[in-house]
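Listed below are the residues making up each chain.
There are 2 protein chains.
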Amino acid sequence: MEPTRLIAELKQIVGVTGVVTDPDALMTYDADGCVMDTHAPHVVVLPTSTEQVSAIVRLAAQHDVPVVPRGAGTGLSGGATPMHGGIIIGTSRMSQILELDLPNGRVLVQPGVINWELTQYLTLSGYHFAPDPSSQKACTIGGNIANNSGGPHCLKYGVTTNHVLGVEMVLADGSVIWTGDGTPDCAGYDLTGVINGSEGTFGIVTATWLRLTRLPEAIRVVLALYPTIAGATSTVSQVIARGLLPAALEIMDRLAIKAVNTMYRLGMPDEAGALLIVEVDGVTDGLDELLNDIVAICWSNGALDVRPARTPAEQVRVWSARKNAFGAMGRLAPTYHLVDTVVPRTRLPKMMEEVAQIAQELNLPVANVFHAGDGNLHPIILFDRRDPDQNERALQAVNRMMLISIEQGGVISGEHGIGVEKQEFMPYLFNQDDLAAMAALHQGFDPEGRFNPGKIFPKTQNARDLAEQRHSMAFADRDVA
Amino acid sequence: MEPTRLIAELKQIVGVTGVVTDPDALMTYDADGCVMDTHAPHVVVLPTSTEQVSAIVRLAAQHDVPVVPRGAGTGLSGGATPMHGGIIIGTSRMSQILELDLPNGRVLVQPGVINWELTQYLTLSGYHFAPDPSSQKACTIGGNIANNSGGPHCLKYGVTTNHVLGVEMVLADGSVIWTGDGTPDCAGYDLTGVINGSEGTFGIVTATWLRLTRLPEAIRVVLALYPTIAGATSTVSQVIARGLLPAALEIMDRLAIKAVNTMYRLGMPDEAGALLIVEVDGVTDGLDELLNDIVAICWSNGALDVRPARTPAEQVRVWSARKNAFGAMGRLAPTYHLVDTVVPRTRLPKMMEEVAQIAQELNLPVANVFHAGDGNLHPIILFDRRDPDQNERALQAVNRMMLISIEQGGVISGEHGIGVEKQEFMPYLFNQDDLAAMAALHQGFDPEGRFNPGKIFPKTQNARDLAEQRHSMAFADRDVA
Numbered sequence: 001m002e003p004t005r006l007i008a009e010l011k012q013i014v015g016v017t018g019v020v021t022d023p024d025a026l027m028t029y030d031a032d033g034c035v036m037d038t039h040a041p042h043v044v045v046l047p048t049s050t051e052q053v054s055a056i057v058r059l060a061a062q063h064d065v066p067v068v069p070r071g072a073g074t075g076l077s078g079g080a081t082p083m084h085g086g087i088i089i090g091t092s093r094m095s096q097i098l099e100l101d102l103p104n105g106r107v108l109v110q111p112g113v114i115n116w117e118l119t120q121y122l123t124l125s126g127y128h129f130a131p132d133p134s135s136q137k138a139c140t141i142g143g144n145i146a147n148n149s150g151g152p153h154c155l156k157y158g159v160t161t162n163h164v165l166g167v168e169m170v171l172a173d174g175s176v177i178w179t180g181d182g183t184p185d186c187a188g189y190d191l192t193g194v195i196n197g198s199e200g201t202f203g204i205v206t207a208t209w210l211r212l213t214r215l216p217e218a219i220r221v222v223l224a225l226y227p228t229i230a231g232a233t234s235t236v237s238q239v240i241a242r243g244l245l246p247a248a249l250e251i252m253d254r255l256a257i258k259a260v261n262t263m264y265r266l267g268m269p270d271e272a273g274a275l276l277i278v279e280v281d282g283v284t285d286g287l288d289e290l291l292n293d294i295v296a297i298c299w300s301n302g303a304l305d306v307r308p309a310r311t312p313a314e315q316v317r318v319w320s321a322r323k324n325a326f327g328a329m330g331r332l333a334p335t336y337h338l339v340d341t342v343v344p345r346t347r348l349p350k351m352m353e354e355v356a357q358i359a360q361e362l363n364l365p366v367a368n369v370f371h372a373g374d375g376n377l378h379p380i381i382l383f384d385r386r387d388p389d390q391n392e393r394a395l396q397a398v399n400r401m402m403l404i405s406i407e408q409g410g411v412i413s414g415e416h417g418i419g420v421e422k423q424e425f426m427p428y429l430f431n432q433d434d435l436a437a438m439a440a441l442h443q444g445f446d447p448e449g450r451f452n453p454g455k456i457f458p459k460t461q462n463a464r465d466l467a468e469q470r471h472s473m474a475f476a477d478r479d480v481a
Numbered sequence: 001m002e003p004t005r006l007i008a009e010l011k012q013i014v015g016v017t018g019v020v021t022d023p024d025a026l027m028t029y030d031a032d033g034c035v036m037d038t039h040a041p042h043v044v045v046l047p048t049s050t051e052q053v054s055a056i057v058r059l060a061a062q063h064d065v066p067v068v069p070r071g072a073g074t075g076l077s078g079g080a081t082p083m084h085g086g087i088i089i090g091t092s093r094m095s096q097i098l099e100l101d102l103p104n105g106r107v108l109v110q111p112g113v114i115n116w117e118l119t120q121y122l123t124l125s126g127y128h129f130a131p132d133p134s135s136q137k138a139c140t141i142g143g144n145i146a147n148n149s150g151g152p153h154c155l156k157y158g159v160t161t162n163h164v165l166g167v168e169m170v171l172a173d174g175s176v177i178w179t180g181d182g183t184p185d186c187a188g189y190d191l192t193g194v195i196n197g198s199e200g201t202f203g204i205v206t207a208t209w210l211r212l213t214r215l216p217e218a219i220r221v222v223l224a225l226y227p228t229i230a231g232a233t234s235t236v237s238q239v240i241a242r243g244l245l246p247a248a249l250e251i252m253d254r255l256a257i258k259a260v261n262t263m264y265r266l267g268m269p270d271e272a273g274a275l276l277i278v279e280v281d282g283v284t285d286g287l288d289e290l291l292n293d294i295v296a297i298c299w300s301n302g303a304l305d306v307r308p309a310r311t312p313a314e315q316v317r318v319w320s321a322r323k324n325a326f327g328a329m330g331r332l333a334p335t336y337h338l339v340d341t342v343v344p345r346t347r348l349p350k351m352m353e354e355v356a357q358i359a360q361e362l363n364l365p366v367a368n369v370f371h372a373g374d375g376n377l378h379p380i381i382l383f384d385r386r387d388p389d390q391n392e393r394a395l396q397a398v399n400r401m402m403l404i405s406i407e408q409g410g411v412i413s414g415e416h417g418i419g420v421e422k423q424e425f426m427p428y429l430f431n432q433d434d435l436a437a438m439a440a441l442h443q444g445f446d447p448e449g450r451f452n453p454g455k456i457f458p459k460t461q462n463a464r465d466l467a468e469q470r471h472s473m474a475f476a477d478r479d480v481a
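Line order of the protein sequences matches chains A and B. Take 1 as the starting number for the first sequence in our numbering and just add one per residue. Take 1 as the starting number for the second sequence in our numbering and just add one per residue.
It is possible that part of the hints are untrue.
Across the chosen pairs, the derived CB separations fall in these ranges [unchecked claim]:
(1) A/Asp101 x B/Glu424: 27 to 33 Å
(2) B/Met36 x A/Glu424: 24 to 30 Å
(3) A/Lys350 x B/Ala25: 49 to 55 Å
(4) A/Tyr428 x B/Ala218: 41 to 47 Å
(5) A/Ala296 x B/Leu124: 22 to 28 Å
(6) B/Asp37 x A/Asp101: 56 to 62 Å
(7) B/Glu424 x A/Gln396: 41 to 47 Å
Hints are computed from structural coordinates only; laboratory data are not their basis. Predicted model, so just to flag it, every value in this text is computed and none were measured. Heads up, the beta-carbon is just placed ideally off N, CA and C, and yes, glycines get one too.
Could you build the full structure based on these sequences and the hints that come with them?
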């Protein structure tokens, strides 16, 4: 790399104001929401068009420097951290809604469009973009695709991959592909699907056709408080056994309730050990009867208090406890680490016991907020990262929670991605053949490791080595024959 | 290949009765439901376990012969036809349901389990496997995964990929991978997703965790008859505009109605030019009101007759017209070719005009049965393949329908796959860079083209050439810089 020449050439592509080189400014790009490991990029570029992105990537190939795509930087697994420096392509200036096609329920957008802004834009049309991660007011569609983001409502509506009809992507050689033309079905291999959740390691998405979802005619929400988590989880089991598919099923534990209660004065009783939110939606007819059924199930499972919310205003209030939970954690400790794992739903009670046990043994407070409907846990480990001992114990807690999730038949990420946070846990979940298959897939897209290197695979086993190892195993086998 | 030695070794793996070598018997494996191009395999093997499949694939590598996976052979695009001979691995003896985990809504099965038998097995549990292709009484789960099969109810419930939680797959080197452990979320790249719809070209699925779907509490169906297709399609538009998401929205045209009416004496009036089936499901409360709403929409769009079906018996009768449509085509002509394309829903009326125009110009009767809710057309071209002239005109009709679908912003396959039937149309839908990206993905899984060679990519451009071409383009680009 010749930095001066590279920067001059980048300025030719995107203009002077589209290139960030000031060292202080670059520091703000040294990590995303996961600050375990920070690395500043050599330069940040802010293109406005697919053509500019393609030119930047060709330039990166000529100079042999890594390219790291970045949306809003709200990721929680280090996906946007430039582990080996290089060029960050920020999508903040690619935030146009290019075409709205309501009769076919779809919209064509650039990757820098903010999730919440898209939904706001669509409000009057009666449609929305269904994935609603907690960061939705800041995170971008490109980041949602990179991480295959979920959110409370993905229980009923599915995660990002279920709402992406096709993407335009710039590959490592600067070529531009379209993986579909915006019809619901694809022909040939499902490139769209495999790009979802690829964490910026295959290329950079420069436009996408998204599926729009009709806003439901009506919504009903119930908030129920219980003395213990057990009452909330047994309510969830009975709601599901009743054959209902709620739009959301969210649980918070005592510590999480305390945090939001203190911060927002929500008037929760002190004896509340668990909070459950059940949301159902659909046509108006019959929805109130459904609400009454759910209220009855809550009471029969020992609820202390049950608060049905019929109007939008009541519903906003009920949801505020959940939506502000992560923000309120700052009241409890200087730092928190948000864990993201998934277990089969029936293993949730066992997992909660294990998490409590880990918290006790390592002497760290752990709050819990989770998507109970699909077994997606979010233990929140509270600590002070300035204290090396607490820092070390927090890391230990994360490690143990990951391994126990795997032991319980689960996986190490529900919606936050692997990035750098969890790359060392991959070999516990996948054997060498599984990882080699993933690596071979990666090599198909990006054989030189141009895009976002140093992610997903364990540090000691990069994609190329893993893929080559598989290839040589295959040949060894042939020779033996 | 040394045929005698290969066959002896195969018998060692699966036993004598698991190896088919009789030439007459092999002829029945020379195609699937698409008989455009037939090729007999050298040998058919019927393993019972993953270990046996792995051993067969290793043997195939040693002898350097192709391996073609085959389920029930009901495919419609030639996916199971062994274009270059070799070994067919039939999954008919891998038909065990290995583990039922109802509390977590999932089941672990071998690939040879028949779609309908799985659903029958689950009836009393209150769950089902949602994808319901027309061939569901014969087709296998493995074939559903290979083709990412749909069906009338995929409008609401999604296609096969939405119901597969993870697969065990034997790769070209005989290694066995698991792409997930049966939890709803995956970690790392979405191998499960990209294997769905890969048409047996990546490896062979030997087991899979499937997502189970609760049977709805109640179902209501409406059958409406119209003088013309326009009345049916405008009803569909209004139902969707009303914000409803029916479980199914199916249309049949005059010729299709005539076929089932004659064969099953359903008593449809002669003046019926279109038949529409709308199915809604969910909780019982409010469902009858919804049914009344839909009935009113049907009448207001000029229906000749509207028949609501509230009881299961009535519903079976209503559905019988649709479910027997393809079977009844034999009454109209000695041969039919079932076309499968998708266009954005709003282009359906235009497409119907184009299809009628093609039928008229080529002087061939064409019946239409289609999944109106998601724009998936199924024109049925009726001809006599023994007549070379009719045969030629039928091929022309297929070609024109494909190209017009692409022109209308659609794709060339909704649910039947590319196989050999549509491989030459891929370059009309995808440019060279798009195809090269697919080819590179393929090379990641199966670099030597062991599995099901001669499919998906155009005959003159196999995956390896396409992938290499991309690679050399990238380097050429580098040199210029």
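Right, here's what the structure says about each hint:
1. Take A/Asp101 and B/Glu424: their Cβ atoms lie about 29 Å apart, and the range 27 to 33 Å holds.
2. Between B/Met36 and A/Glu424 the C-beta distance comes to about 51 Å, which lies outside the given range of 24 to 30 Å.
3. Remark: the range hint 49 to 55 Å for A/Lys350 to B/Ala25 is upheld by a beta-carbon distance near 52 Å.
4. Separated by about 45 Å at the C-beta atoms, A/Tyr428 and B/Ala218 satisfy the suggested range of 41 to 47 Å.
5. Range check, A/Ala296 to B/Leu124: about 26 Å between beta-carbon atoms, so the 22 to 28 Å window is met.
6. Under the hint 56 to 62 Å, the C-beta atoms of B/Asp37 and A/Asp101, about 38 Å apart, miss the expected range.
7. A beta carbon spacing of about 59 Å between B/Glu424 and A/Gln396 contradicts the range 41 to 47 Å that was offered as a hint.
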